[in-house]
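**Q** Residue numbering for the sequence shown follows our numbering, beginning at 1 and increasing consecutively.
These aren't lab readings, by the way, just hints derived from the structure by calculation.
No experiment lies behind these values; they were computed from the predicted model shown.
The reader is advised that the hints may include incorrect statements.
To be verified - The following label-pair restraints were derived from C-beta to C-beta distances:
| # | residue 1 | residue 2 | range |
| --- | --- | --- | --- |
| 1 | A144 | P327 | 34 to 42 Å |
| 2 | Q163 | P327 | 22 to 30 Å |
| 3 | A30 | T152 | 29 to 37 Å |
| 4 | K305 | D282 | 22 to 30 Å |
Said to hold, decoys possible - Pairs of lysine to aspartate or glutamate, DMTMM-like flavour, derived with a Cα cap of 25 Å:
| # | residue 1 | residue 2 |
| --- | --- | --- |
| 5 | K305 | D153 |
| 6 | K305 | E238 |
| 7 | K305 | D98 |
| 8 | K189 | E344 |
| 9 | K189 | E295 |
| 10 | K189 | E46 |
| 11 | K147 | D98 |
| 12 | K305 | E117 |
| 13 | K305 | E295 |
| 14 | K189 | D177 |
| 15 | K189 | E339 |
| 16 | K147 | E238 |
| 17 | K305 | D255 |
Virtual Cβ for every residue (Gly too), placed ideally from N, Cα, C.
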Amino acid sequence: MADEKPLIRKRRGAGRVTITAVARQAGVSAITVSRYFNQPEQVSPELRERIANTVNALGYVPNLVAGGLASARSRVVAMVIPNISGPIFANTIQGFSDTLSQHGFQLLLASSYFSAEQEESAVRAFLGWSPAALVLTSRFHSSATEKMIEQTDVPVIETWDYQPERSPIQIGFSHYDVGVMAARYLHDKGYRRIAFVQNSIAADFSALERRDGYAATAEELGIRPWVFVPNADRAPFEAGKQAMETLMDHNPRPDAIFFANDNLAAGALLASQRAGLSIPQDCAIMGFGDYAFAEMMLPSLTTIKPPALQIGVMAATRVLESLGVLPVEGEIQRLNLLECSLVEREST
Numbered sequence: 001m002a003d004e005k006p007l008i009r010k011r012r013g014a015g016r017v018t019i020t021a022v023a024r025q026a027g028v029s030a031i032t033v034s035r036y037f038n039q040p041e042q043v044s045p046e047l048r049e050r051i052a053n054t055v056n057a058l059g060y061v062p063n064l065v066a067g068g069l070a071s072a073r074s075r076v077v078a079m080v081i082p083n084i085s086g087p088i089f090a091n092t093i094q095g096f097s098d099t100l101s102q103h104g105f106q107l108l109l110a111s112s113y114f115s116a117e118q119e120e121s122a123v124r125a126f127l128g129w130s131p132a133a134l135v136l137t138s139r140f141h142s143s144a145t146e147k148m149i150e151q152t153d154v155p156v157i158e159t160w161d162y163q164p165e166r167s168p169i170q171i172g173f174s175h176y177d178v179g180v181m182a183a184r185y186l187h188d189k190g191y192r193r194i195a196f197v198q199n200s201i202a203a204d205f206s207a208l209e210r211r212d213g214y215a216a217t218a219e220e221l222g223i224r225p226w227v228f229v230p231n232a233d234r235a236p237f238e239a240g241k242q243a244m245e246t247l248m249d250h251n252p253r254p255d256a257i258f259f260a261n262d263n264l265a266a267g268a269l270l271a272s273q274r275a276g277l278s279i280p281q282d283c284a285i286m287g288f289g290d291y292a293f294a295e296m297m298l299p300s301l302t303t304i305k306p307p308a309l310q311i312g313v314m315a316a317t318r319v320l321e322s323l324g325v326l327p328v329e330g331e332i333q334r335l336n337l338l339e340c341s342l343v344e345r346e347s348t
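Hey, can you work out the whole structure from these sequences and the hints?
**A** Okay, structure coming up:
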């Protein structure tokens, strides 16, 4: 129609507050404002407060892409974990993010849900954005991911695992040793028919290593290994319930069950209550993870507690050291072996 006005699209970035405007209003140089975002520890507390107030007042958002191109180093660190919603990784994520943010870095997070293909896709996308560093969970990767790790020029850290022969920085523990710890503990408590319940997620290879540690130790102790594999389509609580009902129908029954994680163990505890079983008198139950609900279960759940928070803080520290943000005496510590702890409660 003749009276229609042409659609005018606002150019992206038009009217955007500039770093120069922030510097002018704060009464500092543009270099100081840039340093406030990129190297805050080099800006005095008084100037940091003044710049922060100005940034908030103007609604300034730094152009991270341009800044990354100019400095050839991003302020973002990429992390891939198996499950964002899983409580076992929450403290690792929090410790990692908190430590990074103290030095002006931010976390970019993706979940693989125990899929090597999804992890590969996330790693490829992240590396395309040139992150400051890449943090992965465990050592179980696709061949394509291994190639990307080998070729990238950014620091790579593997967490929640410990394999000294690998090239990335290692921060974690031996899942095999967790299985050894659980089997020996239950044997020392007097249990002799000890079963292990796998994760219903078949690609949880770390849980399979805990199984292998349990099985080898059981054989050393003269106990026949007894492994139950839940249906793959079962959610963790449902898988724990299925395992408990099936194993307790066996003759003879197990007198103790070590579950691959606390979610499975919690499902088993709830199923035992519905069945009128007495825990641990009829059967002891033990988990892994020390999830927040473990202490509140009835009976409270015996479990093995991984150093989740320590892994996150240490991983961020190694990243910052690798980038020269934190000082290092000598070489960066590549091998970081941490310990899990056994938390004994009422279920055993």
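**Q** None of the hints should be skipped; say for each whether it holds.
**A** Consistency of the hints with the structure:
no.: 1; hint: A144 <-> P327: 34 to 42 Å; in the structure: holds, 36 Å
no.: 2; hint: Q163 <-> P327: 22 to 30 Å; in the structure: holds, 28 Å
no.: 3; hint: A30 <-> T152: 29 to 37 Å; in the structure: holds, 32 Å
no.: 4; hint: K305 <-> D282: 22 to 30 Å; in the structure: holds, 25 Å
no.: 5; hint: K305 <-> D153; in the structure: violated, 34 Å
no.: 6; hint: K305 <-> E238; in the structure: holds, 23 Å
no.: 7; hint: K305 <-> D98; in the structure: holds, 21 Å
no.: 8; hint: K189 <-> E344; in the structure: holds, 11 Å
no.: 9; hint: K189 <-> E295; in the structure: holds, 20 Å
no.: 10; hint: K189 <-> E46; in the structure: violated, 60 Å
no.: 11; hint: K147 <-> D98; in the structure: violated, 30 Å
no.: 12; hint: K305 <-> E117; in the structure: violated, 29 Å
no.: 13; hint: K305 <-> E295; in the structure: holds, 12 Å
no.: 14; hint: K189 <-> D177; in the structure: holds, 18 Å
no.: 15; hint: K189 <-> E339; in the structure: holds, 22 Å
no.: 16; hint: K147 <-> E238; in the structure: violated, 38 Å
no.: 17; hint: K305 <-> D255; in the structure: holds, 22 Å
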